[in-house]
Amino acid sequence: MSDRFKNKYRIKSARLQNWDYGWNAAYFLTICTKDRGHFFGEIQNGKMQVSPAGAIAYVLWEEIKIHAKNVELGEFVVMPNHVHGILILDRNEMNTTPNVGTTPNVGTTPNVGTTHALSLQQPSKQPPKPPQTIGQQRFQNQGKNTVSSIIGSYKSAVTKYCNRLGLPFAWQSRFHDHIIRDEKSFQRISEYIINNPLNWPDDQFFK
Numbered sequence: 039m040s041d042r043f044k045n046k047y048r049i050k051s052a053r054l055q056n057w058d059y060g061w062n063a064a065y066f067l068t069i070c071t072k073d074r075g076h077f078f079g080e081i082q083n084g085k086m087q088v089s090p091a092g093a094i095a096y097v098l099w100e101e102i103k104i105h106a107k108n109v110e111l112g113e114f115v116v117m118p119n120h121v122h123g124i125l126i127l128d129r130n131e132m133n134t135t136p137n138v139g140t141t142p143n144v145g146t147t148p149n150v151g152t153t154h155a156l157s158l159q160q161p162s163k164q165p166p167k168p169p170q171t172i173g174q175q176r177f178q179n180q181g182k183n184t185v186s187s188i189i190g191s192y193k194s195a196v197t198k199y200c201n202r203l204g205l206p207f208a209w210q211s212r213f214h215d216h217i218i219r220d221e222k223s224f225q226r227i228s229e230y231i232i233n234n235p236l237n238w239p240d241d242q243f244f245k
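Per my numbering, the sequence shown starts with residue 39, numbered consecutively.
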């Protein structure tokens, strides 16, 4: 088991050397807000109560698969000052994936109707979904279809949409990634994401 796996929230080195982040694989990603500010809402009784900015972060994550080619989404959660998500690159090309034991299509079909502990304070009055034309305008630089380009476009889309609505918001400049090596790790990380709101007091991003 590599050092990178043991320390999946490593900050000093944001990218794994000698790895092409356009290769087919499942990636566990964490994106934090600037200074870990609680822009996305708060945890109450083990459930995430999202702010308007948090709702935007959730909706636009689901729209990644509309704007990026050969992408699948696994579990995802919005937390007060960060988001966790699994992004799967699955190109249908020969020789695009190194042999790392990753099977991007195992159990990864996202259930869009289930927010995985993402509970709105007023479920019957959820913030309206941003128009698809807005997402098309905000998502940029998708040509490379690498993890960095996809996440950069996602971060930009969230920031610009929040700014348009006059919502205070800013991201941390970088994001954290972990390459998921096998199905066992995939399931363990998926459970971690689902249970993150319940375990918020013990989370290293708790502030």
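Fair warning: there could be bad hints in the mix.
[What the hints assert, rightly or not] Only pairs whose alpha carbons sit at most 27 Å apart, straight line, appear in this in silico DSSO-like list of lysine-lysine:
id : residue 1 : residue 2
1  : K103      : K222
2  : K72       : K222
3  : K222      : K198
4  : K103      : K198
5  : K182      : K193
6  : K193      : K85
7  : K85       : K182
8  : K107      : K182
I should point out that these hints are in silico values taken from the structure, not numbers from a laboratory.
Straight-line alpha-carbon gap K72 to K222, limit 27 Å: With Cα atoms ~32 Å apart, K72 and K222 exceed 27 Å; violated.
Taking only the CA atoms, is the gap from K85 to K182 under or equal to 27 Å? Status violated; Cα separation ~36 Å.
Given the hinted pair K182 and K193, is their alpha-carbon gap at most 27 Å? This hinted pair holds, its Cα atoms lying about 16 Å apart.
Agreement of K222 and K198 with the hint, judged by alpha carbon distance not exceeding 27 Å: 37 Å, violated
Mind checking the alpha carbons of K107 and K182 for me, to see if they're no more than 27 Å apart? Roughly 10 Å between the alpha carbons, so the hint for K107 and K182 holds.
Check the hint pairing K103 with K198 against an upper bound of 27 Å on the C-alpha distance. 19 Å, holds
Please work out if K193 and K85 have their alpha carbons no farther apart than 27 Å. Roughly 24 Å separates the two Cα atoms, so the pair holds.
Hinted pair, alpha-carbon criterion (27 Å max): K103, K222. Please report holds or violated. 24 Å, holds
Checked against the numbered hints above, the structure violates hints 2, 3, 7; every other hint is satisfied.
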